[in-house]
Amino acid sequence: MSEVAGYVVCLDVGDRRIGVALASTIARLPAPLTTVDRDDIDGLVQLLKQQDASLVVIGLPRDINGRQTEQTVKTQNFAEALAKRINLPIVWQDESVTSIKAEERLQSRGVDYTKADIDAESAVIILEDYLTNTHRRTA
509 MSEVAGYVVC LDVGDRRIGV ALASTIARLP APLTTVDRDD IDGLVQLLKQ QDASLVVIGL
569 PRDINGRQTE QTVKTQNFAE ALAKRINLPI VWQDESVTSI KAEERLQSRG VDYTKADIDA
629 ESAVIILEDY LTNTHRRTA
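The working numbering runs 508 ahead of the 1-based position in the sequence shown.
Be aware that a few hints might be false.
[Stated by the list, open to error] Below, in silico cross-link-like pairs of lysine-lysine (DSS-like), each with a Cα-Cα straight-line distance of 30 Å or less:
#1 Lys623 with Lys592
#2 Lys609 with Lys582
#3 Lys557 with Lys623
#4 Lys623 with Lys609
#5 Lys582 with Lys592
#6 Lys582 with Lys623
#7 Lys557 with Lys592
#8 Lys557 with Lys582
[Stated by the list, open to error] Restraint-style ranges between C-beta atoms, simulated for each label pair:
#9 Asp620 with Pro597: 33 to 39 Å
#10 Asn585 with Arg617: 31 to 37 Å
#11 Gly618 with Leu537: 20 to 26 Å
#12 Glu588 with Gly618: 36 to 42 Å
#13 Asp571 with Ser532: 31 to 37 Å
#14 Trp600 with Asp620: 28 to 34 Å
No lab work stands behind these hints: they were computed from the structure.
Yeah, the Cβ is synthetic: ideal placement off N, Cα and C, and Gly gets one too.
Based on the provided sequences and hints, a complete structural model is requested.
In structure tokens:
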């Protein structure tokens, strides 16, 4: 990832909602941003513009053995549709068990949370993994 001004936006694509996380390309500190309805691609495109996105990271779901699932194909199809609407690079990041990790993280905070909170926190974990892996490759 180049050190240019802008933001990396991460998407955790589900059947109904998309969890969205954000990190500055300089500070590299991911934070949950929001969730958007999966059917609201116009809203997502607008959000990417508003957030000055320079890169989109999308969590790639696979089964425990690393094989494609029905959700993998759905996510890839969504990414293809999004790519036609934006002029930004899209990269994939493994999202193994991020929903479980996200729920555990939220439970540890001792406050009430919703499924949308889990989706947004999952996007944070995916983005953390991406940033860690990118740093390892460039260090």
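Next item on the list: Could you tell me whether the CB distance from Asp620 to Pro597 stays inside 33 to 39 Å?
Entry: holds (37 Å)
Holds or violated: Lys623 and Lys609, Cα atoms, limit 30 Å. Roughly 13 Å separates the two Cα atoms, so the pair holds.
Straight-line Cα separation of Lys582 and Lys592 no greater than 30 Å?
Measuring from Cα to Cα gives roughly 16 Å; hence the hint holds.
_I want to verify a distance hint. Is the separation of the beta carbons of Glu588 and Gly618 within 36 to 42 Å?_
For Glu588 and Gly618 the Cβ distance comes to about 40 Å; the hint holds.
Check the hint pairing Lys557 with Lys592 against an upper bound of 30 Å on the C-alpha distance.
holds (15 Å)
(message) Lys623 and Lys592 were given as a pair; does the straight-line alpha-carbon distance stay at or below 30 Å?
(response) holds (29 Å)
Decide if the proposed pair is consistent with the structure: Lys609 and Lys582, CA atoms, cutoff 30 Å inclusive. Holds, at about 22 Å.
Legend entry - Given hint Lys623 paired with Lys557 - CA-CA distance at most 30 Å: holds (25 Å)
Exercise. Does 20 to 26 Å hold as the CB distance between Gly618 and Leu537, or does it fail?
Worked result: holds (23 Å)
- Message: Checking one constraint from the list: CA of Lys557 to CA of Lys582, max 30 Å. Satisfied?
- Response: Holds, because 24 Å separates the two Cα atoms, which is no more than 30 Å.
- Holds or violated: 31 to 37 Å for the Cβ distance of Asp571 and Ser532? Given range 31 to 37 Å: holds, Cβ gap about 33 Å.
message = Hint check: Lys582 vs Lys623, CA-CA at most 30 Å. Holds or violated?
response = OK: Lys582 and Lys623 at ~20 Å, within 30 Å.
Hint check: no violations occur; every hint is consistent with the structure.
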